[in-house]
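Asks: Here is how the chains run, residue by residue.
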Amino acid sequence: DTGVSQDPRHKITKRGQNVTFRCDPISEHNRLYWYRQTLGQGPEFLTYFQNEAQLEKSRLLSDRFSAERPKGSFSTLEIQRTEQGDSAMYLCASSRLAGVLQETQYFGPGTRLLVL
Amino acid sequence: DAKTTQPTSMDCAEGRAANLPCNHSTISGNEYVYWYRQIHSQGPQYIIHGLKNNETNEMASLIITEDRKSSTLILPHATLRDTAVYYCTPHNAGNMLTFGGGTRLMVKP
Numbered sequence: 001d002t003g004v005s006q007d008p009r010h011k012i013t014k015r016g017q018n019v020t021f022r023c024d025p026i027s028e029h030n031r032l033y034w035y036r037q038t039l040g041q042g043p044e045f046l047t048y049f050q051n052e053a054q055l056e057k058s059r060l061l062s063d064r065f066s067a068e069r070p071k072g073s074f075s076t077l078e079i080q081r082t083e084q085g086d087s088a089m090y091l092c093a094s095s096r097l098a099g100v101l102q103e104t105q106y107f108g109p110g111t112r113l114l115v116l
Numbered sequence: 001d002a003k004t005t006q007p008t009s010m011d012c013a014e015g016r017a018a019n020l021p022c023n024h025s026t027i028s029g030n031e032y033v034y035w036y037r038q039i040h041s042q043g044p045q046y047i048i049h050g051l052k053n054n055e056t057n058e059m060a061s062l063i064i065t066e067d068r069k070s071s072t073l074i075l076p077h078a079t080l081r082d083t084a085v086y087y088c089t090p091h092n093a094g095n096m097l098t099f100g101g102g103t104r105l106m107v108k109p
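Line order of the protein sequences matches chains A and B.
Per the numbering used here, the first sequence starts with residue 1, numbered consecutively.
Per the numbering used here, the second sequence starts with residue 1, numbered consecutively.
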């Protein structure tokens, strides 16, 4: 257990529905990342926050995807109008700087989404 | 983004050392090499990282070549619980991790 928690762990939804996932990072970590992982592939970066600021969101897969971190603590990832291709594991990671260049990201257990 | 190349799969006998190679020939000078592993259906687990020097912790050792174009993760006494997909990824602070396909390590009794 790394200390990063994600909720729910599993989600089944019907195509066209909206879903929201939550991530709670390790308490002293100010950076939070979202990744997506499809079957047989490595995780793919989506977006990242430093405190409450979303510093990179160009890799979000479409405008149906959005993320927030309103108070710089937990974060939510929302997918609107889900499609079957959105079925994947959604991973959250958190980190804090240790030195100028070092930053170790610790991952949560992930939320597995199945869109029917 | 720097690219990495890893064997698709490897086998190792339980109790023997597992040596997992990674080629990262385009890594930039300020990027660390990070290793993670992922056991089925779980999130990636951090193992170790290094910049130029070899590193060791309670989980593994990391050997980085002098030219930094490749590295080897060593699990000194592999157990069945080390069966997982192992990823190497170049990284520096404030940036995303870039995962390739990884190496599927199977530890056999």
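Everything labelled a hint here was simulated from the structure, so no lab data went into it.
Ideal placement from N, C-alpha and C gives every residue a C-beta, glycine not left out.
Some clues are possibly wrong.
[To be verified] With the C-beta cut set under 7 Å, the calculated list includes, among others, these residues of chain A facing chain B:
| id | residue |
| --- | --- |
| 1 | Leu39 |
| 2 | Gly42 |
| 3 | Pro43 |
| 4 | Phe45 |
| 5 | Ser87 |
| 6 | Phe107 |
| 7 | Gly108 |
| 8 | Pro109 |
| 9 | Gly110 |
Asks: Should the interface hint for A/Gly108 be scored as holding, given a Cβ-Cβ cut-off of 7 Å against chain B?
Replies: 5 Å, holds
Asks: Closer than 7 Å between Cβ atoms is the bar; does A/Phe45 clear it against chain B? Give me holds or violated.
Replies: Status holds, d = 4 Å.
Asks: Using Cβ atoms only, decide whether A/Pro43 comes closer than 7 Å to chain B, and label the hint accordingly.
Replies: Holds: closest Cβ of chain B sits about 5 Å from A/Pro43, inside 7 Å.
Asks: Holds or violated: A/Phe107 as interface residue toward chain B, Cβ cutoff 7 Å?
Replies: The hint holds - A/Phe107 has a Cβ within 7 Å of chain B, the shortest such distance being about 4 Å.
Asks: Regarding the hint that A/Leu39 lies at the interface with chain B, is the smallest CB-CB distance below 7 Å?
Replies: 11 Å, violated
Asks: Using 7 Å as the Cβ threshold, decide whether A/Pro109 counts as touching chain B.
Replies: 5 Å, holds
Asks: Tell me if the interface restraint on A/Ser87 is satisfied: Cβ within less than 7 Å of some Cβ in chain B.
Replies: Cβ of A/Ser87 sits 14 Å from chain B, so the hint is violated.
Asks: Holds or violated: is there a CB of chain B closer than 7 Å to the CB of A/Gly42?
Replies: A/Gly42 check passes; min Cβ-Cβ to chain B is 3 Å, inside 7 Å.
Asks: Should the interface hint for A/Gly110 be scored as holding, given a Cβ-Cβ cut-off of 7 Å against chain B?
Replies: 5 Å, holds
Violated hints for the displayed structure, listed by number in ascending order: 1, 5.
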